[in-house]
Amino acid sequence: MTSETVNTPPRRALPSMSVLGPIIALLALIAIGAFLNQNFLGVGNITNVLARSAFIGIIAVGMTFVITAGGLDLSVGSMAAFIAGLMILVMNAALPTLGVGVPIILLGMATALIAGLLAGLLNGFLITTLGIEAFIVTLGTMGIYRSLVTWLADGGTLSLDFGLRTFYRPVYFDGILGISWPIIVFALVVIIGEVVMSRARFGRHCAATGSSEEVAHYSNVNVNRTRMTTYAMLGILVGVATIMYVPRLGSASASTGVLWELEAIAAVIIGGTVLKGGFGRVWGTVIGVLILSLIDNILNLTDLVSPYLNGAIQGVIIILAVILQREAKAKG
Amino acid sequence: MTYLKTFATGLVAAALTASVAMAQDTKVIGVSIPAATHGWAGGMNFHAREAVERLEGVYPQLDFVLATASDPGKQVNDIEDMVATRNIDALVVLPFESEPLTSPVHAVAEGGAWVTVVDRGLSVEGIEDLYVAGDNPGFGRVSGEYMVSKMPEGGKIVVLRGIPTTIDNERVDGFKAAIEGSGIEIIDMEHGNWNRDDSFDVMQDFLSKHDQIDAVWASDDDMAVGVLAAIDAAGREDIQFVLGGAGMKEMVKRVMDGDKMIPADVTYPPSMIATAIELTAIAMTSTAPVSGTFTIGSVLVTPENAENFYYPDSPF
Chain A
1 MTSETVNTPP RRALPSMSVL GPIIALLALI AIGAFLNQNF LGVGNITNVL ARSAFIGIIA
61 VGMTFVITAG GLDLSVGSMA AFIAGLMILV MNAALPTLGV GVPIILLGMA TALIAGLLAG
121 LLNGFLITTL GIEAFIVTLG TMGIYRSLVT WLADGGTLSL DFGLRTFYRP VYFDGILGIS
181 WPIIVFALVV IIGEVVMSRA RFGRHCAATG SSEEVAHYSN VNVNRTRMTT YAMLGILVGV
241 ATIMYVPRLG SASASTGVLW ELEAIAAVII GGTVLKGGFG RVWGTVIGVL ILSLIDNILN
301 LTDLVSPYLN GAIQGVIIIL AVILQREAKA KG
Chain B
1 MTYLKTFATG LVAAALTASV AMAQDTKVIG VSIPAATHGW AGGMNFHARE AVERLEGVYP
61 QLDFVLATAS DPGKQVNDIE DMVATRNIDA LVVLPFESEP LTSPVHAVAE GGAWVTVVDR
121 GLSVEGIEDL YVAGDNPGFG RVSGEYMVSK MPEGGKIVVL RGIPTTIDNE RVDGFKAAIE
181 GSGIEIIDME HGNWNRDDSF DVMQDFLSKH DQIDAVWASD DDMAVGVLAA IDAAGREDIQ
241 FVLGGAGMKE MVKRVMDGDK MIPADVTYPP SMIATAIELT AIAMTSTAPV SGTFTIGSVL
301 VTPENAENFY YPDSPF
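Protein chains in written order, with the numbering used here: chain A, 1 to 332; chain B, 1 to 316.
In isolation and in its complexed conformation, chain A is listed as follows (with noise of 0.2 Å):
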């Protein structure tokens, strides 16, 4: 961040369109959905959306971290899968002991934050100790983690136990003063996430790791920590994201979480992360995660385009944001 406003030469005083293009973006999204369908900005629709943007944007904040210390994870979106099926499994199998209240929901809880951070570590650790590239470690446990839960359940659907359900079920749909659980853990991260990446050393960490690797070890900044340190975080985060995922339809199969992990990607450049590490951006992140998710909520709120192009439309939107980076970046 410092760095940047100390290139930008002082006489312009609009900041950069790295900064600007995802606002407009966004703006122009909501006033297009505005415009197309009074319930858009309605209190169910709003709720609706960030709502379902919760697991994404939970995961996207850990993957701004990565990227910026120069990583990548593939393996986020089979992890989620995984996670939400062993947990499933934990909470059946404890319930004729434990019953049904809030120790068991703990022990659901506790078994996807360790199970998250064991993840995390273990890509980690392949990538930094044993010096693998991560696009590659990470295709890797992508594959076994999507394998394990198809095996867990046998090819079809685990599904928590019906009272369990109803009983966890207030932690996606019901919140505090109306707004439901996932959107107030979501700012939480982001909040949090923030305040990491532009105020606290560890940000400045994972920036130094991902502009210079060589440069950063000379500065005293201890490249591999910070690296398995940002694995792990994300392994964490997913362990949040499946929290509030499991008790929305109380069930994981092969089929959940695909493709999450590019979504993810793309929610973090398109908020004007640089891909290839050094300059991370979290509030940048959300707004990725919101222009992803509205795109898919206004073309299904409206008749305009044939649901055949969704992913043309995101697939546009994306590349336009990188090119607003290259611009941004030539010029500063």
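No wet-lab data here; the hints were simulated from the structure.
By construction, the Cβ of each residue, glycine as well, lies at the ideal position given by its N, Cα and C atoms.
Don't take each hint at face value.
[As the list claims (entries may be wrong)] A few chain A residues facing chain B, derived, Cβ under 7 Å:
(1) A254
(2) N297
(3) Y308
[Unchecked claim] Listed next, the stretches of chain B that the computed footprint assigns to chain A, with coverage defined by at least 3 CB atoms under 8 Å from CB atoms of chain A:
(4) 49-55
(5) 221-235
(6) 284-292
On the provided structure of chain A, position chain B as indicated by the hints.
Just chain B, lined up with the frame of chain A:
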């Protein structure tokens, strides 16, 4: 010298094996199916394994090789391996995709083996000896006819479609033809991709967009799960019922228990793979003719007959 010895020993061994095989006259049936990547395929895998186990007991003279593939390329390799290493007499195949599997399966048929194709047809006609097919237009028609009978005065419905494919198009066309002129109006249609999460999101948006929805054709039981959760969360009372499809055990159970929201289901049974294996076994062991096309009709599951369609042990 040693080379010659090895060669000779090998030749004797091969001759011995061949004579043993001749004596027992064992026939090998290869079964190649897609891996269990979603609910329906999981059920299909379950029924394939079960049929193979059962038939191995019934016919001691038959041997089965079962292979599951996660993509069309792997499936082609599986089939080539079966021919090369097991010298199969018959092949039961549910093609991952029609195009890439057509020429490998054609090669198997050229080699003289019996070929049974299940569900997804090959892109060239006349290769297979037996085609066991699901009835997609019929699936849509039965669903549409049920809607008409349930809403004689007509009404407004929304439709969730599957992954954009020929299968999905045939189903939706069959459905539209069946409700034509009945006063039932499709006010919205989107792809839920046979996926619970996607259909949940789509249904939430339908509920925001439309103030009055009388019924939902979810067209698939996984999508019905997502639709029901969305309706439940919105607390809407206007929707009278949701019609899914395929015959997932949880949904059949709800029909059986007389659930008001799930009054019926329409089958597209994954157990059709068992029908295909069974008929192929008959072709291998008897003179009864089984070649041709065997279409498995889509049946309406109601509380009265639900028990016949309930497989509590199946994963689907």
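Cross-check of the supplied hints:
Interface restraint check for A:A254: the shortest CB-CB distance to chain B comes to about 5 Å, inside 7 Å, so the restraint holds. With a cut of 7 Å, the hint placing A:N297 at the interface with chain B holds, because the nearest CB-to-CB distance is about 6 Å. Hint status for A:Y308: holds, given a least beta-carbon distance of 6 Å to chain B, under 7 Å. Residue count for the stretch 49-55 of chain B with a Cβ under 8 Å from a Cβ of chain A: 0. That is fewer than the three needed, and the coverage hint is violated.
Coverage of the stretch 221-235 of chain B by chain A holds in this model, with 6 residues showing a Cβ closer than 8 Å to a Cβ of that chain against a need of three. Coverage of the stretch 284-292 of chain B by chain A is violated [criterion: at least 3 residues with CB-CB distance below 8 Å; count 0].
Consistency note: the structure conflicts with the earlier hints numbered 4, 6.
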